[in-house]
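Number of protein chains: 2
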Amino acid sequence: MTIRFSCLSLLATFAAGVLSPVVLAAPPAAVDTAPTYTVDGRIVPPKNYRQWVFLSSGVDMSYNKKAMASKVPMFDNTFVPRAAYQSFLKTGTWPDKTQIVLEVRGSAHDKSINHRGHFQSGAPMAIEMHVKDSKRFKGGWAFFGVDADTMQPAKQIPTDRACYSCHKAHGAVDTTFVQFYPELLPIARKLDTLSDGYLNDE
Amino acid sequence: MTIRFSCLSLLATFAAGVLSPVVLAAPPAAVDTAPTYTVDGRIVPPKNYRQWVFLSSGVDMSYNKKAMASKVPMFDNTFVPRAAYQSFLKTGTWPDKTQIVLEVRGSAHDKSINHRGHFQSGAPMAIEMHVKDSKRFKGGWAFFGVDADTMQPAKQIPTDRACYSCHKAHGAVDTTFVQFYPELLPIARKLDTLSDGYLNDE
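Taken in order, these protein sequences are the chains called A and B.
With the working numbering as the guide, the letters of the first sequence map in order to residues 14 to 215.
With the working numbering as the guide, the letters of the second sequence map in order to residues 14 to 215.
Chain A extracted, bound-state conformation (with noise of 0.2 Å):
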């Protein structure tokens, strides 16, 4: 294990001449919600996290200098709620109750047609929220580890541990690396909202 693994780390029309188009026949069904607690303060994990925005996706990555490389490459995907995305691409930061789910899953390699590189198998190998209530939340924000296999509520990480610091000093927008989220950081860049801590770094 990590630091990784203790902390939200790897937080990524119609042109002229067109036919009508044809709308699918189901609408989907609505999947964006804000974060929900339960009476004892624990966060309920989201279950359709899935449906929900992609921010990115990293491989093996670590904020450790000395961590070695895994022998199976692990990667991360990040995912927010389309609201909370339409948001930020009008005003480069996040909105109150934002949550972002960071997953972590393994890797296969030579398995059916493929040769070279890597790419993601099996279920989540662990589940991480960083999660903006602003009424609820000292500094705004808060950390959560999720039980992967389970999903079950979960308790909220101390804000004394790493995360908290490392997030406010080097995350680029609002305490959260949209450093690692390509189609978010121009948008952060031209709407002036990029943290001095950032850019400092830079």
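Don't take every hint at face value.
Pairs count within a copy or across copies, as identical chains cannot be separated in the list.
In silico BS3-like links for lysine-lysine, alpha-carbon gap of 25 Å or less [as the list claims (entries may be wrong)]:
id : residue 1 : residue 2
1  : Lys181    : Lys168
2  : Lys124    : Lys84
3  : Lys60     : Lys181
4  : Lys124    : Lys203
5  : Lys148    : Lys124
6  : Lys103    : Lys148
7  : Lys60     : Lys203
8  : Lys148    : Lys203
9  : Lys168    : Lys203
10 : Lys124    : Lys181
11 : Lys168    : Lys151
12 : Lys168    : Lys60
Since the hints were derived computationally from the structure, they do not count as laboratory data.
Using the hints, position chain B against chain A.
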């Protein structure tokens, strides 16, 4: 350029005791659409496919046994409209009018606070589409190569290209590479929609 560029290769609640959920202020705008074409039969690339459902990503994949590893790893990300995804969850296969978008992205390594592995970086380098439109395409599906810079309407890739025969022979479900989509493969197995070609490969 390897085969991975000439073919859509990498085609991947409320619990007890919960407080009332709070809905994000602005409901997300609808983004799902069926394929649209110009009057001369080119497909119109969907500008908002990044708000579709993410299927999976891979890194440096190739179906060519002689392919060399690239100096800078390349990621692929695959997306489908939410309605098509939800239909797959229920049926184990794709509804008519499904569009699958594959984008290829470059990567970065030792930037910001990351010291190991790779994260996605920069604009899309290539975009390909795999589209199911039974009345329009012989065999039901067609491939399109889209210019990622201009996102202009794109001509169909001729049906004698290897992508068609390869996907037909090895695609786990309905000529698509569901074997690389870890959330969907178990559903296809459960609903018994895996192709004979895939089962033989296994």
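**Study point:** Identical-chain pair category, Lys60 with Lys203, by Cα at 25 Å
**Key:** between (34 Å within a copy, 20 Å between copies)
Review point. At most 25 Å between C-alpha atoms: does Lys148 with Lys124 qualify within a copy, between copies, both, or neither?
Key: neither (48 Å within a copy, 34 Å between copies)
Check your understanding: Taking 25 Å as the upper bound on the Cα-Cα distance, should Lys181 and Lys168 be classified as within, between, both, or neither?
Key -> within (21 Å within a copy, 47 Å between copies)
Practice item. Could you place Lys148 and Lys203 in one of the four classes (within, between, both, neither) given a Cα distance threshold of 25 Å? Key: neither (29 Å within a copy, 44 Å between copies)
Review point. For Lys168 vs Lys203, is the C-alpha pair at or below 25 Å within one copy, between two copies, both, or neither?
Key: This pair counts as neither: shortest intra-copy Cα distance 36 Å, inter-copy 33 Å.
Check your understanding: Between copies, within a copy, both or neither: which fits Lys103 and Lys148 at Cα up to 25 Å?
Key -> Classified as within; 23 Å inside a copy, 38 Å across copies.
Exercise for review: Up to 25 Å between alpha-carbons, please classify Lys124 paired with Lys84: within, between, both or neither.
Suggested key: both (17 Å within a copy, 23 Å between copies)
**Study point:** Intra- versus inter-subunit Cα pairing at 25 Å for Lys168 with Lys60
**Key:** within (17 Å within a copy, 39 Å between copies)
Point to revise | Copy assignment of Lys168 with Lys151, given that the CA separation must stay at most 25 Å | key: within (15 Å within a copy, 53 Å between copies)
Check your understanding: Between copies, within a copy, both or neither: which fits Lys124 and Lys181 at Cα up to 25 Å?
Key -> Result: close only across copies, 17 Å inter versus 41 Å intra.
Review point. At most 25 Å between C-alpha atoms: does Lys124 with Lys203 qualify within a copy, between copies, both, or neither?
Key: between (42 Å within a copy, 20 Å between copies)
Practice item. Indicate which option fits the pair Lys60, Lys181 if close means a Cα-Cα distance not exceeding 25 Å: within, between, both or neither. Key: neither (28 Å within a copy, 33 Å between copies)
The structure is inconsistent with the numbered hints 3, 5, 8, 9, although it conforms to all the rest.
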